[in-house]
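Engineer: The primary structure of each chain is shown beneath.
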Amino acid sequence: ETGVTQTPRHLVMGMTNKKSLKCEQHLGHNAMYWYKQSAKKPLELMFVYSLEERVENNSVPSRFSPECPNSSHLFLHLHTLQPEDSALYLCASSLTGSDYGYTFGSGTRLTVV
Amino acid sequence: DQQVKQNSPSLSVQEGRISILNCDYTNSMFDYFLWYKKYPAEGPTFLISISSIKDKNEDGRFTVFLNKSAKHLSLHIVPSQPGDSAVYFCAAYGTSGTYKYIFGTGTRLKVLA
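Taken in order, these protein sequences are the chains called U and S. Under the numbering used here, residues 1 to 113 are what the first sequence spells out, in order. Under the numbering used here, residues 1 to 113 are what the second sequence spells out, in order.
These are computed hints drawn from the structure, not numbers from a lab. Among the hints, a few may not be true.
Claimed, not checked - Derived list of chain U stretches under chain S, where covered just means 3 residues or more per stretch with a C-beta under 8 angstroms from a C-beta of chain S:
(1) 43-52
(2) 101-112
To be verified - Derived pair list, reagent style DSSO-like, types lysine-lysine, alpha-carbon separation capped at 27 angstroms:
(3) U/K22 with S/K100
(4) U/K41 with S/K5
(5) S/K100 with U/K41
(6) S/K110 with U/K41
(7) S/K71 with U/K41
(8) S/K5 with U/K40
(9) U/K40 with S/K100
(10) S/K68 with S/K54
(11) U/K41 with S/K68
Every residue gets a Cβ at the ideal spot worked out from N, C-alpha and C, and that includes glycine.
Model the full assembly from the supplied sequences, consistent with the hints where possible.
Structural biologist: Here it is in structure tokens:
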């Protein structure tokens with residue numbers, strides 16, 4: 001258990017489905033992130049929330065919609081995804097100014113069929 | 001344009017020997033660097049970091065070297081152990097910029113018993 005919990009661990013969804021990924025941390029961190037990990041590509045930053053405000057959105061398609069209702073929870077709402085969106089989605093949290101970078105969750109392995 | 005590059009996708013090393021993982025970056029604004037280790041089905045975990053004011057940081061079997069003029073850093077693991085077999089990501093950060101770390105594509109290390 002890393003301190004950042006992601007659910008579900010695996011998700012298979014059709015292109016017309018709507019689903020949500022959940023991330024939760026109780027580390028007292030004040031920033032949370034969604035990353036996408038595709039095979040043979042660098043980790044791609046998708047969204048950054050700091051103090052529950054979205055501070056960065058890296059040109060992510062609108063079929064991905066983040067939500068941060070409080071400093072401990074982060075969601076990624078998914079709708080009408082494409083097969084190329086299949087990837088490992090990682091949530092991370094951090095304390096801004098910390099030397100220890102991010103604490104990552106275990107990720108959600110998403111398959112779009 | 002990939003700002004952080006790990007040009008070796010994989011590396012095999014005999015147990016007890018030294019493992020050297022390399023990372024190159026292009027952005028001179030980066031001034032803080034981290035290495036993460038990732039096991040299958042888990043999120044990346046922080047391993048070791050270095051600030052640009054240093055050229056070396058050591059933590060047990062792990063040492064990170066930074067060559068700012070060459071924009072190159074390396075992670076040395078000595079002696080290597082089978083439990084070190086994982087994917088290693090290099091990440092770079094500009095402390096005067098936004099919150100995001102830029103990650104490399106990772107190097108899969110296999111330590112042979």
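Engineer: If a hint holds in the structure, say so; if it doesn't, say that too.
Structural biologist: Hints, verified against the model:
Check on the stretch 43-52 of chain U: 4 of its residues sit with their Cβ under 8 angstroms from a Cβ of chain S, so the three-residue criterion for coverage holds. Counting residues of the stretch 101-112 of chain U whose CB falls under 8 angstroms from any CB of chain S gives 7; the rule of at least 3 is met. This hinted pair checks out: U/K22 and S/K100 have alpha carbons roughly 21 angstroms apart, not beyond 27 angstroms. Under the criterion of a C-alpha separation no larger than 27 angstroms, the hint pairing U/K41 with S/K5 is consistent with the structure, at around 10 angstroms.
Taken as a hint, the S/K100 and U/K41 pair is honoured in the structure, with Cα atoms around 17 angstroms apart against an allowance of 27 angstroms. Among the hinted pairs, S/K110 with U/K41 is consistent with the structure: their alpha-carbon atoms are about 20 angstroms apart, no more than 27 angstroms. The hinted pair formed by S/K71 and U/K41 meets the criterion: a straight-line CA distance of about 21 angstroms does not exceed 27 angstroms. Distance hint between S/K5 and U/K40 is fulfilled; the C-alpha atoms sit about 12 angstroms from each other, no more than 27 angstroms.
Distance hint between U/K40 and S/K100 is fulfilled; the C-alpha atoms sit about 20 angstroms from each other, no more than 27 angstroms. Restraint check for S/K68 and S/K54: the C-alpha separation of about 9 angstroms stays at or below 27 angstroms, so the hint holds. Distance hint between U/K41 and S/K68 is fulfilled; the C-alpha atoms sit about 25 angstroms from each other, no more than 27 angstroms.
Of the numbered hints stated above, none is contradicted by the structure.
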